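Take a look at the letters that make up each chain.
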Amino acid sequence: MTESTDTNLTNPEKSPPEKPPSNLFARITGINTGWIRSLLIPTLALLVALIFGAVFVALTDLEALALLKEDFGGGLRLMAEGVGLAYKALFTGAFGSVYGLSETLFAATPLLLTGLAVALGFRAGLFNIGANGQMLIGGMAALWVALHLNLPGFIHIPLAILAAIIGGALWGGISGLLKAITGAHEVITTIMLNFIAFFLVEYLLTVPVFQEAGKINPISEFVPLSARFPQVFGADYRVSIGLLIAVAAAIFVSWLLFRSSWGFEFRAVGFNPTASRFAGMKVQSLLVLVMGFSGALAGIAGANQVLGFSPYQVTSAFAGTIGFDAIALALLGQSHPVGVVWAALLFGALKAGGRAMQASAQIPLDLVVVIQALIIVFIAAPELVRAIFRVKPPEKEKTQITKGWGG
Amino acid sequence: MTDTSTTQVRVRATPEIRRARIAGIILLVMAAFVFWFFGLKVMGDLNATFKLTLPTDKIQDIKMILNTRTLAFVVAGVLAFLSGVQLRKSTEKRTNMAVGVGFFFFIFAFLAWAAAGKSFSLVGMLRSTVILSIPVTLGALSGIMCERVAVINIGIEGQLLASAFTATILGSAFGLWAGVVGALVVGSLLGLFLAWLAIKYQVDQIIAGVTINIFALGITSFMAARVLRKAQHLNSSPQFPAIKIPFLADIPLLGSMFFNHNFFIYLTFLLVIVLHIAFFHTRWGLRSRSVGEHPRAADTVGINVFATRYRNVILGGLMAGVGGAFLSLTQVSRFEENMTAGIGYIGLAAMIFGRWKPFGALAAGLVFGFARALQQKLGILATPIPSEFLLMTPYLVTIIVVAGVVGKATPPAADGQPYLKE
Amino acid sequence: MVLELRGITKRFPGVLANDDVSLSVELGEILALLGENGAGKTTLMNILYGLYTPDAGEVLVDGQHLQLSSPSDSIAAGIGMVHQHFMLVPVFTVTENVILGMEPTIAGGFLDMKAGSKMVKDISESYKLEVDPDALIENLPVGIQQRVEIIKVLSREARYLVFDEPTAVLTPQEVEEFFQIVRGLQEAGKGIIFISHKLKEVLEIADRIVIMRDGKSVADVDPEKITEEEIAELMVGRPVELVVRKKQAEPGEPVLVINDLIALDDRDHTAVDGVSFEVCSGEIVGIAGVQGNGQTELIEVITGIRLSLAGTMSIHGQDITGASPRNIHGMNVAHVPENRQESGLIIDFTVTENMVLNSYYTQPYSRGIQMDWDIASQAATRLVKEYDVRTPSVDTQVSSLSGGNQQKVIVAREFDRDVGLVIAAQPTRGIDVGSIEYIHARIVEQRDKGAAVLIVSSELDEVMALSDRILVMYRGKIVGEFDPKKDSTTKIGLAMLGGTK
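As given, the protein sequences belong to chains A, B and C, one line each in that order.
At position 47 of the first sequence the residue is numbered 47 (our numbering), and the sequence of numbers has no breaks.
At position 303 of the second sequence the residue is numbered 303 (our numbering), and the sequence of numbers has no breaks.
At position 369 of the third sequence the residue is numbered 369 (our numbering), and the sequence of numbers has no breaks.
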């Protein structure tokens, strides 16, 4: 393609570049279409995903399906009611009350941190599917500090977070290092390291260093008071200083990417590693550094899962599927820290609302996972959304992040 | 190659030499480990008894009794010899083979150590190896089908899960073959979905695959919780019986390993052979591979790149569908949330380990199956090794493979790149 | 028997690539299609090959209108194309590549490799195109790969063969052999279209020349009745000044000194084989040579991108063996890389970002790791003006600039400081004449300010015009030194072919 551009289309005398100067936002984000346009596709994607979700809820409503045979209209009505009930529960669970809002923020906290981790990787052309593993290792590092150092809270917590950062960074760094030295594709290595981290945590939770005394199943000792994240809005709400840390992380990542020379290097390597090398950047080290930063962010999320909320005791499932949610989230947020913040709030709302929905409307929380998967589809294939809504395409877009994997 | 005797030279070791050195050192460490830990550290009179027949076999009670210490010394010797070959200055090294043979002997010594003073059903473990290798191999075949036409299928996991789910429901409701058909259809549909996203919309293929995994996990868990919990009768599928192959099944060891299984296992072996022939000896294979290596070249001789990719990726989904049906209709009768638990990812690894070749996939599948079987059986022997570490081995092996320690794996040249007409 | 294109027009967004182009070629005739890069030759041929659909006009064979919507249609009509970038699968054998798409089979789907191999042998014997049918493409030299492409086309019973820039990747010997093959094809009664931007080659081989400029066919001439200068003028639309105006060089101290340098290429073959030379301040040294004779690797080693195997290199007396690209840049070396889009620029970045691509970490653009984009933007604005980069703004993505302006961005970035050594590889490849002249002037200006300049170009004319001293590189070695004022092009060309003096 480049070839044909160069030989056929480039004719300077006749066709001066006609593109209007893009604004600063576009320059920074790489989104050339302005605010409204950049929000349009995500909004429509969410809408379509919710509609599909509604269809799934309706089609799995056994009572309504049974009724459908006898009374078609009544069956449909019952389905619609079920969907209405579910989405109402979802909405009020997320936004309907102060508690609901706090739950949204609470759920958004680890999502924001891991979303930033994945987004940072994307910017540097790396696909970090390993946020889960990095969370697990970071969380365990924080847990060790929490359990084994006896310190006042104002030192204990920062130290535990630092441990999480180091743990996550090292775990992520392994993939970066493998890529830098051997060319092993980070998608494969991060997935594999997820499993390894999981089994490692399973094992660690059975050794006395971590395991609750007297238990045989893998479960940790309780985190001492001095290492628990203080709650921000009082004891009734689960929002902890984890949220503040996550927001600070978003600001930091924003600065790192767009205002620091490291971020410049990250983005340069993401677009064109060869040219970056020619320009004197140490591409290999950068790969390790990016994966380290990415892992560190996920590591903090791990600390949040371990130290951030009741019961302050963990099993090997403490990372859940957050690392995978993060991929959807980073895509939805167009790999921009600001976008990721909004996406995290949205996903937090889905999660908080989903829990409420499960409790009051008996719709399994897994519906939220389905909705998230659909959101990725529509974000990654905006033409699909455009085809549905007949929206005109912007000039240029790119979702190609990874190329094939070399051995 | 160059006459550099006159100038000071900083010669870089070629990759082969470096790999041979690393392999040599690893083999040497293994030799020392075996000598000390499996040899000197065990009591000299302990024997390991390996049972080579199952209680149900026609021919009974064949055993192999080995002295643990003696075996360890022999194995250490073999490993040291292999190491010496690798570290010696010569060109012809066959590093991969040496590492493979080395690991084989190491495992043997390890088993003899684990079973020292006890009796251990080797045949049982090898039989499990074959069974456990099946879904991995099928996953790898799915990957090969797609990547040979340059579409990365990281959604194997989701395709397996969704088709396993379908097989359970349809199998429970309408019988075995309905389950099989359902699994194949769902697998193919998810293949079509991947192809559609990757080819029509040029979605980043890894994102598309990850989406399939998340979607499949979400929708099956959702349905399991919302439907199967209330309709338990839909979550109890029948199972395919084992088919004993006459005469062959009565051969000691091999009979139990290969010739007394349900039909999926024979099908998988057949698929491996068929795909090998299809890829490397038919027009279809030549065209498919050309699309994966150099789609533009294929296009210029009139091969329809898009159609080829669609067709193969759908077939890839079908392979995963077979794997899903296998999981639901031969292994367990109930669908459990996330029951694939990463098999699809291991299949992907097996594809790479097997160098994008059907027989390679089978071999890799057997290696991973063995690791899994070992983990299951060692629990019985109560070795001091935590089972979590054995569970990790397939994933560690995968990393070692993609890192190129066991030789460079070269994927199809256009792998992962969308094809754009000019 | 004639292949005709009538009134072809093809428009791309913002560009009229072909504007009412007509041409025809008869069987047994060699037609050359000559034009600068970007004149619309490749577009025209892609239309002929069914890859593009023209907006207007038609393709005819013997007066019959052809509907070409895919390469298969063209193949069916007897048109075969030998692409500039070979359409060969590297991991396939020669036979597999030839039969691909029309495989002989037994029992339905099984490949009949014997029949395939026989077909390859038959064609290669009857047209004297020697190849081993079972060799893997990736193990064959470029010249042989081209033969395979020709066999592939002939096996499809093409009557008209289109060669797109066939000599660009060939060594001189291979070019000679290639011309013999082409003449053989002509004698066998094939109609041949030979696309090129190399004037001399075209004069050697063609029966008739169609010249294209700015998407139009501007002339249809007989090579016997026209001079080189006239053709050149037709190609660029004005008299071409191949001479770069410059004063007599006043070489000073040696700046770059290279001794017995040895380096490997990516496939671990010796690419630079014991090279020694020096470049002094105030002179331009040009390295001439056919592409692929080690020039790329030489430049990569000097600029720190590739490791050398042996030998020494120094700049201003300081050893630079094993120095990183950043170290080298820090020694006031300006490097214009060979491939601007792959290694010179990050085309998704803005002009500003590209302007600071190798200085972003220094004052005043950053303090610590905090960057100051305002200062960078101001600097970029100044450079854009000083170096005549035509861009709507410094915040424009470089990908939307023309090739010439992209190259000027690199030149601006590299030249905007006190430069001691300039290393420029293919500094004007594929860009418009205006930009070529501008960049040449800037390079001479650097020399006059006292910089040492090392130029690598596969265009001998460019090397001749620009250099004060010419070194010829052949198979990794420097095989001769020449004075562009005294030595003739023929003499240098002979050295490039590996001929002895």
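Keep in mind that the hints were calculated from the coordinates and are not lab data.
Note that the structure is predicted; figures quoted are calculated from it, not measured.
Glycine included, every Cβ here is placed at the ideal spot set by N, Cα and C.
Be a bit skeptical, because a hint or two may be false.
[As the list claims (entries may be wrong)] Covered by chain A, according to a simulated footprint, are these stretches of chain B (three or more residues, beta-carbon under 8 Å): (1) 19 to 26; (2) 379 to 391.
[Claimed, not checked] With a cut-off of at most 30 Å between alpha-carbon atoms, the simulated DSBU-like pairs for lysine-lysine come out as follows: (3) C:Lys477 to C:Lys491; (4) C:Lys449 to C:Lys198; (5) B:Lys41 to B:Lys118; (6) B:Lys357 to C:Lys118; (7) B:Lys230 to A:Lys88; (8) B:Lys230 to A:Lys69; (9) B:Lys357 to C:Lys114; (10) C:Lys198 to B:Lys421; (11) C:Lys247 to C:Lys216; (12) C:Lys477 to C:Lys198; (13) C:Lys216 to B:Lys421; (14) C:Lys118 to C:Lys485; (15) B:Lys200 to B:Lys118; (16) C:Lys247 to C:Lys118; (17) C:Lys247 to C:Lys486; (18) B:Lys41 to B:Lys58; (19) C:Lys225 to C:Lys246; (20) C:Lys198 to C:Lys385.
[Unchecked claim] Estimated spans, in silico, between C-beta atoms of each pair: (21) A:Gln362 to C:Gly108: 53 to 61 Å; (22) A:Gly320 to C:Pro104: 33 to 41 Å; (23) A:Pro311 to B:Trp177: 31 to 39 Å.
Tested hints:
no. : hint                             : result
1   : 19 to 26                         : violated (count 0)
2   : 379 to 391                       : holds (count 4)
3   : C:Lys477 to C:Lys491             : holds (17 Å)
4   : C:Lys449 to C:Lys198             : violated (33 Å)
5   : B:Lys41 to B:Lys118              : holds (17 Å)
6   : B:Lys357 to C:Lys118             : holds (28 Å)
7   : B:Lys230 to A:Lys88              : holds (23 Å)
8   : B:Lys230 to A:Lys69              : holds (19 Å)
9   : B:Lys357 to C:Lys114             : holds (24 Å)
10  : C:Lys198 to B:Lys421             : holds (29 Å)
11  : C:Lys247 to C:Lys216             : violated (38 Å)
12  : C:Lys477 to C:Lys198             : holds (25 Å)
13  : C:Lys216 to B:Lys421             : holds (25 Å)
14  : C:Lys118 to C:Lys485             : violated (54 Å)
15  : B:Lys200 to B:Lys118             : violated (60 Å)
16  : C:Lys247 to C:Lys118             : violated (63 Å)
17  : C:Lys247 to C:Lys486             : holds (16 Å)
18  : B:Lys41 to B:Lys58               : violated (39 Å)
19  : C:Lys225 to C:Lys246             : violated (34 Å)
20  : C:Lys198 to C:Lys385             : violated (34 Å)
21  : A:Gln362 to C:Gly108: 53 to 61 Å : holds (56 Å)
22  : A:Gly320 to C:Pro104: 33 to 41 Å : violated (57 Å)
23  : A:Pro311 to B:Trp177: 31 to 39 Å : violated (48 Å)
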